[in-house]
Amino acid sequence: MAGFPILSVMLLVPLLAAVACLMVEARAARWTALIATLINLGLGIVLWANYDVGGAQWQFVERAALFSGFEWKLGIDGIALMLIMLSVFLMPICIGASWEAIEKRVGEYMAAFLLMETLMIGVFAAQDIFLFYIMFEAGLIPMYLIIGIWGGAERIYASYKFFLYTLLGSVLMLIAMMWMVNEAGTTDVPTLMAYDFDPTVQTWLWLAFFASFAVKMPMWPVHTWLPDAHVQAPTAGSVILAGVLLKMGGYGFIRFSLPMFPEASAQFAPLVFVLSMIAVVVTSLIALVQHDMKKLIAYSSVAHMAIVTIGLFSFNPQGLEGAMIVMLSHGLVSGALFLCVGVIYDRLHTREIDRYGGLSINMPYYALFFLLFTMASIGLPGTSGFVGEFLSLAGIYQVSTWVALICTTGIILGAAYMLYLYRRVAFGDQKNADAAAMPDLDRREWFLLAPIAAVVLWMGVYPESFMAPMRADIAALDARLARAKPEGDAHLTAPKPEAATATAEHAAHGGAH
Amino acid sequence: MDFVQSFRLTAPEVLFSLSGLVLLLAAAWSRSDAGARVITWLAVAVMAVAAALVAPALFSGAAGPGTLAFSGLFAATAFAAFAKLLIIAAAAASLVVAPAFFQRIGAYRPEYPVLMLFAVLGMCLMVSSTNLLTLYIGLELNSLAAYVLAAFLRNDDRSAEAGLKYFVLGSLASGILLFGTSLTYGFAGTIDYAGIAAALTGKISTGAVFGLVFVFAGLAFKISAVPFHMWTPDVYEGAPTPVTTFFASAPKVAALALTVIVAMTAFGNQVTAWQPIVIFAALASIVVGALGAIGQTNLKRLLAYSSINNVGFLLIGLAVATPKGVAALLTYLAIYVAMTIGGFVALLMFKDANGEPVEDLRDIAGISRHRKVLAACFAMIMFSLAGIPPLFGFWGKFVVFQAAVDAGMVALAAIGIAASVIGAFYYLKVVKVMYFDEPVMKVTGKSDWMHQALLAICALAISPAGYLLTKCLDSLSTSAAAALIAP
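Line by line, the protein sequences are chains A and B. Going by our numbering, the first sequence opens with residue 29, and the numbers climb by one from there. Going by our numbering, the second sequence opens with residue 122, and the numbers climb by one from there.
The hints are simulated quantities; they were obtained by calculation from the structure and are not laboratory data. Check before you lean on any hint, since a few could be wrong.
Mimicking DMTMM-like on lysine to aspartate or glutamate, the simulated pairs with C-alpha atoms at most 25 Å apart in a straight line are [what the hints assert, rightly or not]:
#1 B:K445 to A:D216
#2 B:K550 to A:E182
#3 B:K493 to B:D527
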């Protein structure tokens with residue numbers, strides 16, 4: 029692998045395909061987009077296969093001093109690798125989901141998605157702080173167009189709200205970045221991650237970054253753009269928005285806020301906890317009363333992202349790993365749920381829950397997949413949702429039992445609204461004749477849902493595959509945070525002998541690597 | 122200082138004067154369209170030659186006493202060269218787009234290129250000025266040509282109105298500026314920038330402060346910074362579009378460069394006196410430019426407010442008052458010229474089936490369906506003006522704000538950048554109209570190849586590919602700023 033600039037190639041493939049899509053007619057554009065995203069998926073698999081678990085922290089590093097003031101510098105650690113894998117995995121599915129649903133301006137649509145893919149990979153792979161910012165912000169343009177051109181009835185309001193909200197959040201972060209670069213004298217992210225900023229200044233810098241990431245995440249109360257954007261976006265747009273774009277906020281916290289400003293993070297952890305607790309309970313309750321399926325899933329996303337934030341700010345490896353797994357799991361599960369909505373929306377052109385009912389009778393396979401993803405969203409053991417939520421809550425329990433308690437109610441409420449949704453859509457009488465006449469999944473839809481279902485189960489049964497690449501990075505982050513770690517109220521004490529064996533086993537396990 | 126050396130340093134200006142006079146004579150004898158075209162291309166050729174004469178000073182980073190001509194009345198520094206190249210490029214672009222626009226209504230006259238040459242001559246004097254007299258001569262030479270250009274469509278009421286408004290308000294501003302210069306002269310005892318800087322050090326008298334304020338007020342009018350911006354939308358709307366292209370680009374560059382020269386050299390020791398003025402003008406321009414644009418339906422007025430908004434960002438570079446700030450301002454100016462020319466050329470290409478210009482925002486609804494490339498270019502320019510990465514307009518804002526942060530003016534940068542979000546709203550609105558709305562199929566006219574070529578060049582420059590220019594832009598603007606602000 030040495031010398032082959034695989035990350036740059038992964039950025040370039042969708043970009044070139046995007047340009048090609050603009051020039052060809054609809055059918056060719058679809059195929060170009062599909063092939064390009066599949067190539068990128070293949071490259072992603074090569075990337076993962078060649079990623080040396082337990083090797084250097086930053087791998088596949090490329091740099092070229094192309095610009096003044098910042099550099100073209102790419103490189104990934106385990107965290108970025110997993111999120112890149114998520115992006116490249118979801119992209120072909122998004123293209124597939126838009127295969128028939130998008131009829132007008134197909135070339136431009138595919139180009140916007142491919143551009144989006146380039147920027148998403150760029151965000152996760154950028155090792156230069158300004159390059160990161162450029163990629164992070166640039167994503168607004170294609171997403172604005174995707175929502176505005178191919179969205180639903182209220183698309184224009186939603187597109188403005190999405191754009192301006194996230195832009196306002198981000199610009200202050202740019203000023204903070206400039207200050208940091210001026211202070212530290214480098215734009216290199218790994219160097220900045222190890223740089224100790226003055227704790228009083230950290231407060232301001234942390235707030236500036238928080239303004240951006242909290243909006244992107246989104247955290248209560250700045251989450252209101254999300255339901256609008258989700259509901260109005262086309263299915264694939266929602267998938268990419270929920271699946272990957274929201275993860276940029278979490279990635280921002282884990283890559284920037286936490287390692288660069290540990291003291292400030294500890295200082296503001298209570299704020300994050302309060303917002304997250306409110307988010308978990310309030311948005312879950314809001315989700316419970318929704319009549320629009322997409323809106324319901326959008327609110328559930330906010331609740332899940334709150335679990336991510338408490339995991340991130342629990343300052344221990346369980347919490348951080350849990351947060352990462354929730355992000356990956358939510359990326360898959362919410363994406364899959366939006367696809368499930370898309371499947372029936374394509375048939376009946378409504379997202380109104382009451383217009384469906386008893387779908388398990390005429391669409392058994394659909395009901396099966398939908399049930400799996402519903403359970404994964406709830407966090408049933410054996411699915412990916414369980415692993416992440418359990419770890420996050422276990423992590424936060426060590427810090428604050430109260431936060432753990434309240435956030436766990438969110439899981440129960442999550443079960444309530446998801447099961448309620450499922451009951452109304454899939455079970456009960458077939459009260460609407462047109463819904464009862466809908467055919468089951470076709471081959472294309474099988475190809476969309478089955479891979480996600482497989483990965484959800486894989487992550488649920490053997491999460492080690494996904495946690496192994498990240499372990500060293502999480503440990504490094506934990507070590508970095510150790511000095512600012514707030515004292516927890518749980519005071520966990522493990523029985524001595526067992527703890528010793530566990531450590532010994534762990535050491536042996538670690539040695540085997 | 123011998124005359125040969127002086128003439129060598131002023132070669133571009135001499136060339137402009139002589140060729141302007143010769144072409145004026147030629148224009149008197151050739152009234153035909155073909156003649157006008159020939160004169161236009163001759164003027165473009167003159168500009169190209171002048172640019173070639175100017176360029177070496179920029180690349181060699183010319184500075185110091187060796188750049189002074191005619192007993193120190195004129196300085197051909199790298200800073201002046203940077204501004205001159207931008208001015209010449211902008212003027213040449215405004216020149217080549219003109220024939221196609223005017224000839225359709227039979228209004229093209231050879232005076233257009235000639236006036237353009239004189240305006241460029243005036244602007245070159247402005248950016249090379251080393252004392253208040255050169256400044257005034259340059260400024261007036263440019264303004265007189267500009268007043269006539271604004272009223273170039275003699276039979277069009279709007280154009281005549283624009284010319285008259287520009288003339289009246291411009292004269293007022295010149296008066297204010299003259300008053301300021303006379304006060305400055307009175308208190309400093311010299312009209313030479315270096316002499317003024319030497320005379321005005323430490324705490325200065327109230328009278329000198331008045332002089333400074335009036336000079337800045339006069340200059341603020343020329344760069345259309347708030348609160349002296351009111352003429353801009355009217356003049357931009359009324360003037361023929363190629364002339365508006367010119368107004369929004371070249372004179373802005375010249376006036377901003379001139380403001381920088383005056384602020385950093387003549388009043389270089391009085392930074393604390395003018396800094397609050399510039400900060401206020403910068404933030405007010407950003408906010409007023411953004412808010413004013415929201416309600417506009419005429420695209421030319423909208424771009425006028427956009428230029429006010431951009432001047433605000435440019436002034437932040439000046440407000441920083443460091444060489445880095447000046448370099449950032451120059452970088453931004455270069456990008457601004459590309460965006461502005463691109464924007465107005467796209468506007469020139471919005472024509473209905475009869476070739477009538479389409480200026481109303483509602484009339485370009487849905488043009489992304491039938492004029493894909495044109496719409497994409499204009500959308501790129503809009504996003505770029507809004508400063509959204511990865512378009513190159515972001516880089517201009519980036520360097521300006523970075524200069525502010527480096528100089529410790531974090532609050533200014535934070536307020537400025539937060540206000541830029543307001544501006545993003547109306548740029549988004551234009552994109553929304555072009556991309557989201559149902560087509561009205563009004564823009565169906567054919568485009569001139571010249572316009573297409575120019576738009577393509579501008580679009581390429583502001584595309585992400587533009588970032589490859591950052592190294593070159595950075596080194597040139599840094600050396601230009603260093604030439605102005607001698608350590």
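So, going through the hints one by one against the coordinates:
| no. | hint | result |
| --- | --- | --- |
| 1 | B:K445 to A:D216 | 22 Å, holds |
| 2 | B:K550 to A:E182 | 15 Å, holds |
| 3 | B:K493 to B:D527 | 41 Å, violated |
Of the numbered hints listed earlier, the single one contradicted by the structure is hint 3.
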